[in-house]
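> Take the sequence shown: its position 153, counting from 1, is numbered 1309 in my numbering, and each next residue is one higher.
These aren't lab readings, by the way, just hints derived from the structure by calculation. Please read all numbers here as calculations on a predicted model, not as lab measurements.
In silico lysine-lysine, DSBU-like type, Cα no more than 30 Å apart, as pairs:
| hint | residue 1 | residue 2 |
| --- | --- | --- |
| 1 | Lys1303 | Lys1362 |
| 2 | Lys1322 | Lys1361 |
| 3 | Lys1377 | Lys1361 |
| 4 | Lys1303 | Lys1377 |
For each label pair, taking beta carbons as the anchor points, the in silico distance ranges come out as:
| hint | residue 1 | residue 2 | range |
| --- | --- | --- | --- |
| 5 | Glu1353 | Glu1205 | 21 to 31 Å |
| 6 | Lys1340 | Arg1382 | 29 to 39 Å |
| 7 | Asn1367 | Arg1337 | 27 to 37 Å |
All residues carry an ideal CB built from backbone N, CA and C; glycine is no exception.
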Amino acid sequence: MAESYDVIIIGAGPAGLTAALYAGRARMKTLMLEKATAGGQAATTDIIENYPGFPEGIGGFELTELMKRQAIQFGALMEEIKTVTEIKIKGNMKIVQTESGDFQARTVIIASGSEPRTLGVPGEAEFRGRGVSYCATCDGAFYKDRKVAVIGGGNAAVEEALFLTKFASTVYIVHRRDELRADKIVQERAVANERIEIFWDAYLKKVLGDNKVEEIVIENKNTGERSSIEVDGVFFYIGTVPNTGFAE
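Take the sequences, apply the hints, and build the full model.
What follows is the structure, given as structure tokens:
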């Protein structure tokens, strides 16, 4: 029989780690289940400037490691798993079934976060890992002195575009509107950065190449005019979708 816990938390991103901290302090037997790196997407963020208590900002990995250490300090346990497949109810217990085994608890907190939304344009899936990426912190260093495109106009897109200027010679932001949606301070940094060029009112239509990304095709939504841009990498930041399929 699977070992029993008071609380099982699915996901060890900032929300899951915070829940584990509170449950641990309440002296509940607490288990966090995580299939990737603790900290979730926050752990792959270069710099976090809007978290209280760090006026100079703090690296995402550093911040989430502190959160993890604090949760474990108060007794929370962490188990690395593959994938949660289903949650079943048996009496007053919830059975969390995973590809790594079953776990049970009286209470289950779903803090499984989200994953990058895909656009579904031709070439996106084909070139994933060969020029198409969803993580600038993970892959940015591969594009030293090269040209890359960032798809999106929100905080994540613009912040990661700024991060990519540490490596790339040119960063193209392709945005479907005539103004960015990122925080004003982030927009100002992007507009002032000489390595960033913004294509307004533009849709990404195709990602092209042979064995790797070589160019993208964009279309102006007002004129219908299409343009080809030579790039070595394309980073997608068009939102996220929740990782809750196992609970549906």
